[in-house]
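Based on the sequences and whatever the hints tell you, model everything.
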Amino acid sequence: NAGVTQTPKFRILKIGQSMTLQCAQDMNHNYMYWYRQDPGMGLKLIYYSVGAGITDKGEVPNGYNVSRSTTEDFPLRLELAAPSQTSVYFCASSLDTEAFFGQGTRLTVV
Amino acid sequence: RKEVEQDPGPFNVPEGATVAFNCTYSNSASQSFFWYRQDCRKEPKLLMSVYSSGNEDGRFTAQLNRASQYISLLIRDSKLSDSATYLCVVNLLGNTGKLIFGQGTTLQVKP
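Residue numbers (our numbering), protein chains in the order written: chain G, 22 to 131; chain H, 1089 to 1199.
All clues stand as given, with none of them false.
Here are some, though not all, of the chain G residues that point toward chain H, as calculated from beta-carbon distances under 8 angstroms:
1. Tyr54
2. Met62
3. Leu66
4. Tyr69
5. Gly79
6. Phe111
7. Ser115
8. Glu119
9. Ala120
10. Phe122
11. Gln124
12. Gly125
Negatives, chain H to chain G, calculated, CB over 10 angstroms:
13. Glu1103
14. Ser1116
15. Gln1151
16. Ala1155
17. Ser1160
18. Leu1168
Please keep in mind that the hints were generated in silico from the structure rather than gathered at the bench. Just so you know, even glycine gets a beta-carbon here, dropped at the ideal spot from N, CA and C.
This is how it looks when you write it as structure tokens:
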């Protein structure tokens, strides 16, 4: 099993550009999550999903969108990148207790 | 009020010391509790789950106080390799499935 795979690992975006952060898991987990982590801070929940076709907002959803068309994939979309979205983004999945994380995507918006 | 609160530290302790971290949560409906460890620039990884009766894993002891809505982590005989950020995590299971992280507490163990 690959676990949770995130792509890309690094990205630099210009203000106003859009991009999709990819996340895939091969553990057949129902729950999937997107977090962002700013320097020296904890993880803030952006969006989460309890199963295919179901998504819900977390603590900081503004500026982001998600979809969950399959159990495996949970992409995160940034439509109009802003400098405030410079952060490390982590995707995670869980069955019911322990969450498994991808290695993160380091995004810089300039 | 934040859903999960931790003292960010840092906690600077000598090798062999005992150190304790606390975490408070605001939602009394929270069902599951965890401590995760995060090394610098890495993804968080599960350290241990926290059970109502308290649980121990080697040098690590976790406790839950539902009445006061706090969780604790005790590390005995600290090692240099324990230096990391420790994240308190609360899960609202069932229909919500929200997994909320605290800010994290940074531990630096010095020789």
